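Whenever a hint applies, use it, and build me the whole structure from the sequences.
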Amino acid sequence: MGKLKLGTSDNLTLFIITIGTITAMSIFLPEKFLRLVNFQSMASQFPEYGLLALGIMLAMITGGIDLSVVSIANLSGVVGAMVLASHVTAQEMGISPATIIALAIIAALVVSLICGFINGVVITAVGVPAIIATLGTNGLFIGFAIILTEGHGIRGFPEEFLFIGSGEILTIPMPLIIFIGVALSISLMLKKSSQGFKMYMLGSSPIVARFSGINNAMVLIKTYLLSGLLSGIASIIIISRVNSMRPGYGYAYLLLGVLIAILGGTNPEGGRGGVLGLTMAIVILQVLQSGLNILGFNPFFKKFIWGLILLLVMVINFYQTNGWPWRRLVKRN
Amino acid sequence: MVSKLFKRNETYLFFVILIFSFVVTVINPSFLTIENLFDLVKSSSGMAILAIAFFVGLLSGGIDISFPAIAIAGQYIAVNTLIALGVDNLLLAFVISCAVGTAMGAINAFFISTFRMQALIVTLGTANIFHGALLVFVGTRAVNTGQLPDCFKAFGHLQVLTLTRADGTVYGLSIFAVLLLGIILLTWFVLQRTLLGKSVYAVGGNYESSKRAGINITNTLFFVYSYIGFLSGIMGVMHLSLIRYSNPNYIVDTELLKVIAAVVIGGAKITGGSGTLTGTLLGVIMMVILEKNLVLIGLSSYWHQFFTGFIIVVGVSITHYQSKLQKKRSLSFAD
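Chains as they are written, first to last, in the numbering used here: chain A, 1 to 333; chain B, 1 to 335.
I should point out that these hints are in silico values taken from the structure, not numbers from a laboratory.
These numbers were taken from a predicted model, which means no experiment stands behind them.
Zero decoy hints are in this set.
For lysine-lysine, the following DSS-like pairs were computed, each having C-alpha atoms within a straight-line distance of at most 25 Å:
no., chain 1, residue 1, chain 2, residue 2
1, B, 327, B, 269
2, B, 269, B, 328
3, B, 153, B, 42
4, B, 328, A, 222
5, A, 222, B, 324
6, B, 324, B, 269
Quick list of simulated restraints, FRET-style, between CB atoms:
no., chain 1, residue 1, chain 2, residue 2, range
7, B, 218, A, 269, 19 to 25 Å
8, B, 300, A, 251, 21 to 27 Å
9, A, 297, B, 162, 51 to 57 Å
10, A, 297, B, 314, 41 to 47 Å
11, B, 247, A, 269, 34 to 40 Å
12, B, 37, A, 195, 50 to 56 Å
13, B, 22, A, 252, 42 to 48 Å
14, B, 194, A, 16, 49 to 55 Å
15, B, 40, A, 191, 53 to 59 Å
Residues of chain B clear of chain A, computed beta-carbon distances all greater than 12 Å:
no., residue
16, 24
17, 26
18, 29
19, 81
20, 167
21, 187
22, 196
23, 226
24, 276
25, 292
Cβ atoms here follow ideal geometry from the backbone N, Cα and C, with glycine treated the same way.
Shown next as structure tokens:
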């Protein structure tokens, strides 16, 4: 019960910060921030790294981490893009664009699942800590993407495909719709399915989980399959929104993903984290980012700020669990 | 004695390197010449220093990924200070670069020891802070060869040993080799002959036990991360002297992976507490030989990153699979 309460209070803090940032932006930058276009552009930007952050969060809940999400997105994006780029020749052979698009999506998702499976196997069957396993596969996957493209970008996709990344339904951008759908399913999985329950158990204590009859290896493989799949979905949004694919895209998303997961209340040691907190963390960062862009800060400044926020949040988390230093001072006097 | 030698990872690695060098020399006779070896030492001593730095961090149980950012920050700040002051003094460049590096390392140590955070996450954050701060507050413009103070160029050319080819031209062993040797000896001495070195092993081996044994963990961690920063600072100046160009935007992630790969195939355990300096150096030699001869095996340069990732995955898999089997045999469930 105590743990549950802590979770809600964490989310409450985040909610207050979210409202605070949005209000601050609205007051200081009313003309530029409070516009439909701005909200639309924010909503089509964050789903790609939001999905990657979701993957990192899932791995963190089980006490691991997935540092290969960006590389998986790159590799599956490259494969998807290669299928898509063949659409002109395919049409000559009588294959409709719709089939090509479907094939591309399937190819990207299958590749991402294979990558996730490789991660899962290296972590469970071989017993390598997730942090170094995924650091290694990170190089492996992006390296494979570079081999496939020989470092060049891939472009020339069918028109219809671009709808996924830049289309909108009732002024709501498609990426946002996809993100909401995926986030809801992940939330349901974590809260209602046995897989979700086992993931939290495993993250809290792998030994206890093992002696409670949980197949730790199976749970972990499923977790990394899922985080791979999320990267695959992100890659589809990316290639459609950018309308091209070049290996190395979105390198900064790794830091951003880890930052979002931790800011959203995920415990990197495992056992805690949720979709609601993560979503609010995304909103906070996206609003801040949009504000920094409007104010004309250069991109390096953003890098600086993200790093700073990451450390700040971890320090605050530390004091929240271990007690604030001034409380000890008050007690002593 | 001999049987003990054969149980060690380093022995195998040594033989693999021997066999591989032999194969490469058969294909390409110019590989095993003194000139080529001198050249390899010069171009890879920077990587070797970073590998030693990463290795020390790993021993203490932390993965520090901020060293490429620290190296570029130290280098860029040092060269710009020299240009601004109009001084042409290499020693000053080293002092500035190492001071910047040590200070940044101390920042890492502060967060890691005070808040007991995972080193990887802390350094992921600080790497971005350092690099971002460098670009925002110091500058983004590259320093090219023309603006570079002469001392760097002279340092890059300095040779401690010169030999003459058959046709009368000379080649030699770069001063980098001496610097590298000095760092190897210093690190070896600290790790094997001082209490501080033993505490580094102890903290990495088991945090809780080392705490109860009365080891000053804060001091140990401050030493480890400051030392990593210090070595990165040295590497920054060396790298600048080698390529004679300083671009602050250039932060090498492939370099990071290569260094990790080298240390990991050297047999250092990624969870800390075990590993040898010899293994790390052999790992570096292995990586350098493999990388320089990738083309010989018939792989284009596009394969580099894939290959490095592959080596890391296989390297860690071997060491961890062994320990997993061992755990199974001793019925230990603790991870």
